[in-house]
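S.K.: Protein chains in written order, with the numbering used here: chain A, 169 to 855; chain B, 82 to 169; chain C, 3 to 152.
Hints were generated in silico from the structure; no laboratory data involved.
On a predicted model such as this, the values are computed, not experimentally measured, just so you know.
We put the beta carbon where it would ideally sit given N, CA and C, even for glycine.
Mixed in with the good hints there might be a few duds.
Listed next, with one range per pair, are the computed distances between beta-carbon atoms [what the hints assert, rightly or not]:
1) 49/C with 256/A: 57 to 65 Å
2) 335/A with 42/C: 39 to 47 Å
3) 335/A with 53/C: 31 to 39 Å
4) 744/A with 42/C: 44 to 52 Å
5) 49/C with 821/A: 56 to 64 Å
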Amino acid sequence: MGLFPEKKTLEKIKIALIGNPNVGKTAIFNYLTKSSQKVANFPGITVKGKSGFFTAKNKKFIVTDLPGTYGFGTDSPEEKVAKKFLLDEDLNLIINVVDATKLERNLILTLQLTGFKKPMIIVLTFADKIEEEGIDINYEELSKIFGVPVIPISALHKHDLEHLKQFIIQYIQSPLIPETILKADEILDLSPKIKALYLYLKNISIPKKLKNLSLEWLTFLVATNDEVVLEHFDRETREQINSILQETDMHLENEEVPVSLLFINYLYEKVQEIIKKVYSNKEEVNTKTIMELIDEVLLDPIVGLLVFSAVIWLTFKLTFDVSQPFSTLIEIMINQVIAMIHHYLPQNVFTSFLSDGLISGIGFILTFLPQLAFLFFGITLLEQTGYLTRVVFVTDRFLNKLGITGKSLAPLLLGFGCNVSGVLATKTIPDEKERIITILVNPFMSCSARLPVYVLISSALFPQIASLVITGIYLGGIMLAAFMIWVYRKTLFRGEQSSLLIEMPELTLPPTSSIFYQIYLYLKDFTLHAGFGITIGVVIIWVLSITGPSGYLGPDALNNQALIQQSWVYKIGQLLETIFKPMGWETPLIVALILGFIAKEVVVGTLAVLYGHGNMAQLVPILSSVMSPVQGIAYMVFVLTYTPCIATVFAIKEELGIKWTIFSIINGLVTAWFLSFLIITIGGLLL
Amino acid sequence: MRSSTSRTSGGDWVYPLSVAVPGKKYIIVAIQARNHAVKRLAQLGLLKNTPVFVIKNLGRGPILVEARNSKIVLGRGLANKIIVQPLN
Amino acid sequence: MNSTNLKSKNNCSINYYVLLEMMIIVFTLIIYFSINSFSQSFLTGDMASTVFYLIILVILFIGFKKSDRLSVISEQSIPYYLVANVLVLLYIVVSFLSKIALFIDQWLNGIPTSFQFLVYPIDIFFFSGLIIALFLPLIYNQSKKQLGVK
């Protein structure tokens, strides 16, 4: 009986989108799934993918965008994710997106996909470009060879995308499974190892999830010791497989060529055969396109760096200048909310918790979002147009001298917005040593949360040259980072440096949807990682400020200078005064540093509370009477260098584990103390 | 570092990609790197017998080549280990 | 060196000499604008902008040096002027946004500010000139395509 009609359960159709990086998968995915997207969490692996859906004809088409991958020959995280997904999920359709202008390399993945024996279609993107370049591809022949439909599209044209969508809806009713192009007799000839394995696998019962795979493809995966595949076999079988592999090893005469390499060579030979049948290039391309000419400028060793400096300066100018009104607006709104709370609710602990703790904490985070949004916008634009690869090219030479490659540049740049984002962005660095170094050094990229501290102290102690001093601090941070990288390379991370190896995509204007989606991802990362930590942190400060060794002080302590001196927060500061004796900083300054561990944003707020004035204009004269210029510089350097904020600490733990996290904290504290001490000493000698 | 140039049995000079001249076409003759690097190169389509066009090589810094219709950036260290022969 | 035809997105060859003529306009405009802005920034103590325009002038100079002919403009220099042009345009956009943002921010904070003249007439003139010069090749292309010229 029903007041409410039964919700019809739609038939679920699972689709996977897979292809090389930079082929236009995102545009297709965005079109198919429009606003239904959410970030896909692939279990056990931190590579991100997206999934979304669309409905049609009583069916729910769930599309998952797998990370871009060139094939299944290495054990990169992207490959693992794709492989696992293709094996574990009960897929109804594989959409292989292929760049028509780079057919040769793209078809390598296509050939390997045929081994999964799942219904498939091949979508050729950049079909409009090949006409321009005088290339002719025989789509019918290609379709015949692979046994599945081949759809040429231009990912920029909506009607092409709509046509594709309609085709998928139709096709799913009677989909085709690709031909077996990887022939058994050809593969068996490659190596005795493969032959032995093939014969063994032929005679045993294959686990359920692997049953669908073509035997040839399965043999290859097993021969390369692929964990994702091997875990489906029981222990006995695995031991058997191991012994076969070892036995055949002993019979190999020459230095062993890894199976995956033999296989890839074989795949390229096959692709050449296919290319001969379907591909013809009419014009000999010896003219240059405008974009290629511009690349000459961007890749010029001197001019390239100049352009990069100009671009990065513009990005930072955009970030800090244009985001101001947004931050101010948010600040005003938060203050309104707090005022309303104080107005409508009785004056008690709970009210204080709500307004001075929770809302203040959330407010802190929100006021930084505009700045971060603009910075992320700038960097995302640079990345998705392909310009960042050019930057990697021109800066690699110098970064190499320090000990890192151009791949570390983007994570370090992101660090200027928020170190959390910078640390998380290091996932794209293939070399583990380099990745660790980049993470450890990231906190020296002075994040935007520290800027208010610099502004406050510089305005107070160096009123005429404030912006010069601040620029100096930023540059100092960069030089410190460079120095630390060099030191790490000489001590903890000795050894051969890995080399750059990346594809350089054509310079293009990316679709706005993918830019905004990426910014959304960055902001979401930041909010989830930092937001939680900061809010908790602010609440803790609040608790420590309204209680003390003598007992509960009450929320008035936040506004009463005399009361606050009895709080825990103040007492802790007094305890640490001895450590900071040489610097000569007063207790409130020390307390601000302690609380700055929770979030750098808190330093200024704490100073305001402890000195009894909320307004920056009022803080300025107080600070200039409490610190000398030298002490001020030492203080700012300390803020620049000492342990990263709690959110960053959590991010580091997530990426590297406890050991490195503790190292990072101690390293920061020691370096900070030492540097401030140095500055005070030198300052004392000079003046 | 091993001798930078030598002749193959066919009588043509071979040398590392890092000293190849921009604007010329070459073919990869051998890759003298560890398996991990070789696999990464293979993924991008750089294998033995692959034709390669050198776009940019400044004697310092990375090298830009075109292979199989796409542009690839190689660090100098890696380029030192790829042995090529000029293609006519 | 034989004249290489430059291809564009639409597979039309831009006639080399026509493009040169357009680039002369671009070059003159940028040089004037950059020197003007450089000196203005220097005089007003705006160090950042001074350095920025210095960079632009250096790029233009290097582009000029790449020219293999005796004239100011040649095929090798064009991309340099194009890139400098784009950078200047980006700068103007960001500066403009920055000034507006500052104005709004001060207004929100209750600091009374007069709506200063954010952009000067002569700036607008050169700004439009630069934009037109940048897009002339593309506009030229489109019209060629419509005329069916190969």
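S.K.: Does the structure break any of the earlier hints, and which numbers would those be?
M.R.: 2, 3, 5
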